[in-house]
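Enquirer: These protein sequences, in sequence, are chains F and B.
Position 143 of the first sequence, counted from 1, bears residue number 196 in this note's numbering, the numbering being contiguous throughout.
Position 96 of the second sequence, counted from 1, bears residue number 114 in this note's numbering, the numbering being contiguous throughout.
No lab work stands behind these hints: they were computed from the structure.
All of these numbers come straight from a predicted model, not from anything done at the bench.
One thing to keep in mind: the hints can contain errors.
Said to hold, decoys possible - Partner residues aside, some chain F positions facing chain B, computed with beta carbon under 7 Å:
hint, residue
1, I123
2, Y131
3, G177
4, Q181
5, Y186
6, F283
Even for Gly, the Cβ is constructed at its ideal location relative to N, Cα and C.
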Amino acid sequence: MLRIEKLTKAYGDKRVVDEVTINIAPGKICAFIGHNGAGKTTTIKSVCGIIPFDSGDIYIDNLSIKEDPISCKMKTAYIPDNPDLYEFLPGIKYLNFIADVYGIAADVRQERIRKYADLFELTGDLAQPVSAYSHGMKQKLALISALIHEPKLMVLDEPFVGLDPKGARDLKQVMREVCDRGGAIFFSTHILEVAEKLCDRVAIIKGGKLIACGGMEEVKGDSSLESVFFELEGDK
Amino acid sequence: MIWTLAKINIRALFAGVFSRYGSKRKAKKTNPIIIILIGLFVAYIVGALGFTVGMVFYQLCQAFFDAGVGWFYFALVGILAFALCIIGGIFMVQSQVFSARDNTLLLSMPIKPSAILAGRLCALIIIEYVYAAIIFVPALVVLLISGYIAYVPVLGAALFLLGFLFIPLAALAVGCFVGWLVALMSTRIRNKNIPTLVLSLALLGAYFWFYSQMMNNLNMLIAEGAQIAEAVRRAVFPAYHFGTAVADGNFLSFLIFTVCMVAPFLLMYYLLSISFVKLTTGGRGVKKIVYKEKALQVSGAKMALLKRELMYLWSQPMYILNAALGSIAALILAGILFIHPRILLDHLEPLAALLPDFDIGFAAAIVLSALTVMNAVSAPSISLEGKKLWIVKSLPINASDVLLSKVWMHMTVSGIPLALAAIASVVAFRMDGLQIALAFILPLAATLMIALLGITFGLAFPRFDWINPLQPVKQGMAVMLTMFGSMALVGVLALVFALGVSRTQAGAQSLGAYLVACTIFFLAVSAGLYIYVVGAGSRKFESL
Chain F
54 MLRIEKLTKA YGDKRVVDEV TINIAPGKIC AFIGHNGAGK TTTIKSVCGI
104 IPFDSGDIYI DNLSIKEDPI SCKMKTAYIP DNPDLYEFLP GIKYLNFIAD
154 VYGIAADVRQ ERIRKYADLF ELTGDLAQPV SAYSHGMKQK LALISALIHE
204 PKLMVLDEPF VGLDPKGARD LKQVMREVCD RGGAIFFSTH ILEVAEKLCD
254 RVAIIKGGKL IACGGMEEVK GDSSLESVFF ELEGDK
Chain B
19 MIWTLAKINI RALFAGVFSR YGSKRKAKKT NPIIIILIGL FVAYIVGALG
69 FTVGMVFYQL CQAFFDAGVG WFYFALVGIL AFALCIIGGI FMVQSQVFSA
119 RDNTLLLSMP IKPSAILAGR LCALIIIEYV YAAIIFVPAL VVLLISGYIA
169 YVPVLGAALF LLGFLFIPLA ALAVGCFVGW LVALMSTRIR NKNIPTLVLS
219 LALLGAYFWF YSQMMNNLNM LIAEGAQIAE AVRRAVFPAY HFGTAVADGN
269 FLSFLIFTVC MVAPFLLMYY LLSISFVKLT TGGRGVKKIV YKEKALQVSG
319 AKMALLKREL MYLWSQPMYI LNAALGSIAA LILAGILFIH PRILLDHLEP
369 LAALLPDFDI GFAAAIVLSA LTVMNAVSAP SISLEGKKLW IVKSLPINAS
419 DVLLSKVWMH MTVSGIPLAL AAIASVVAFR MDGLQIALAF ILPLAATLMI
469 ALLGITFGLA FPRFDWINPL QPVKQGMAVM LTMFGSMALV GVLALVFALG
519 VSRTQAGAQS LGAYLVACTI FFLAVSAGLY IYVVGAGSRK FESL
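Construct all of the structure, not just a fragment, from the sequences and the given hints.
Expert: In structure tokens:
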């Protein structure tokens, strides 16, 4: 579903992502972990077509993001680490705007908004302007907007930050549902326990270079993900 | 601490003009050509403002000193500086003090609210001094050139300069009081824009009224200076004391004036200090709107983008007032022409008598084109994406569609009022076919060019790290270049006609043909800019 091939991105002389290669098959959840500034967000933004990259390529459902970014974005949903949304719009109008862009039929969008807003307990707040939302509510609204077009690939940057326990549980359930219908999830996180329990695959990045990538069991073996992570990172 | 905070606020205020930021990029060094252009632009603004204000003061200076009320000249300088400081600074107080995005962050730090407030006021006072200088500097230059400075004692001249330092303090106190009232109302009102919009429209109305009456007022001041001075002496005693302090070198009067300027500032500072936390963190008194499911309106992607732009514009009254003033003026003009065209015709008759070749039909097209030059709606729209830029960049839409939605927003906001004013002109005046066509096509062609020019400059000077959305609108380089660039272009076209074409054999008779040529020119420039926006401009937007 997602194939990142030798992705390289530099700011000035500094390579922040250096020949990163990751493969995620349909139905799989892949955690992307690394220290702050390791290159996670740059990789994620490149995958979503938000920032251009210098070399390598990214394929989503076998389409190159370089050659056909619009088709790739039609299949993808992205949620940033800090959900800055249009504060001047009420929540429902923001969702309707996203649905318009993806060309979702009226009855379908209505049904999906109802389903996910109920799941994340946001229905009662949809008429409120986004400016009145808390961080967690914005995160939930961003999640609903990401799910409205039933993406094949979900790319999430720190998705559990700001969510209440129920919201976090519901998100995990939704992530599984996306995979069950043949989609894939690529998300960054600093919560290694969640990554270990939830993910089929894991990719560890350090200083822009991928230092481990593979099946969860393959990477961590008999140890915990946390001890493997610190060992690979060279931290005590 | 206060100075550190003030430096941050001052940098934030002026960074919008000079710095260029992209995501994750180092701030680029500004091109020397741009610096020269900025310098020329600033020189033009300073020169134009200074000359206009200076001309007014030149007439007043002579009239007042000859009538033996020289003090009234200085009193009037004080009154005008005070008024300009209030008008210029009133909305900055609201955005910089009460609605600043970093208030919560600063309040969480071990900094006293009074220090946060002082830091913000330091930045504002600098802006107020700029406004005061617009009045004080030409007034002083006129005094020197005319030789009336000889009537002013040395102490008086020193007090004049000190007065320049104190007047903005009182103006800031008034601005803070009004900003406080607006902030207080905003915490209780669901649509927080309403108090700002009402206040803005009231000030705008007052400004237009004052401007329309300016010549009458000036003549009245010259003719009846002594009587008006007497009225000012009795009614506006701080102004009187400032006037006499400077004219007579009266230190006691200056002390009274100083108390009148500084005391309100100190009182305002004290009151705001004790209520700063409550005012900046309020907003919980509004009743929640409960969502009731109803059928959603479905649009295509391009229409959705346009609606997004329009809804943002509508949510920001200050964006409308700063960037769409021409549209407001066009609507007022349309209203006058529909309801009571005689008012305008009465004003135009003397002009028609002065210019034998004056043609109302072509004049309508020219006036409407001049109004659209006052609009720069598209120019700040790229910077206004701010931290929400990721949304449009992650969605399956072409960058060119995003940019063109901003052009369409400009066309909608400017074009509809202009079209209404053009219809009203056609109804009110007798026009032939060419004049009717020009009344619609010339302003709309100019509007299209300005919309695309705004996007071009917006791409050249993007800035996403603003603290308040007013920064890209009021201080953004893209807005300044678009507005004054298009004004300069229209000015050049007018000069070409006045100094060149009108003196040819065909003379003023060729105005219609010249306006058709201008329309073709606007459309040709628009075509060039369109090619840039959908091509290289879109690629640039993708890389932001």
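Enquirer: Against each hint, give a clear statement of whether it holds in the structure.
Expert: The hints, checked one at a time:
| no. | hint | in the structure |
| --- | --- | --- |
| 1 | I123 | holds (5 Å) |
| 2 | Y131 | holds (4 Å) |
| 3 | G177 | holds (6 Å) |
| 4 | Q181 | holds (6 Å) |
| 5 | Y186 | violated (12 Å) |
| 6 | F283 | violated (28 Å) |
Comparing the model with each earlier hint shows violations of hints 5, 6; every other hint is respected.
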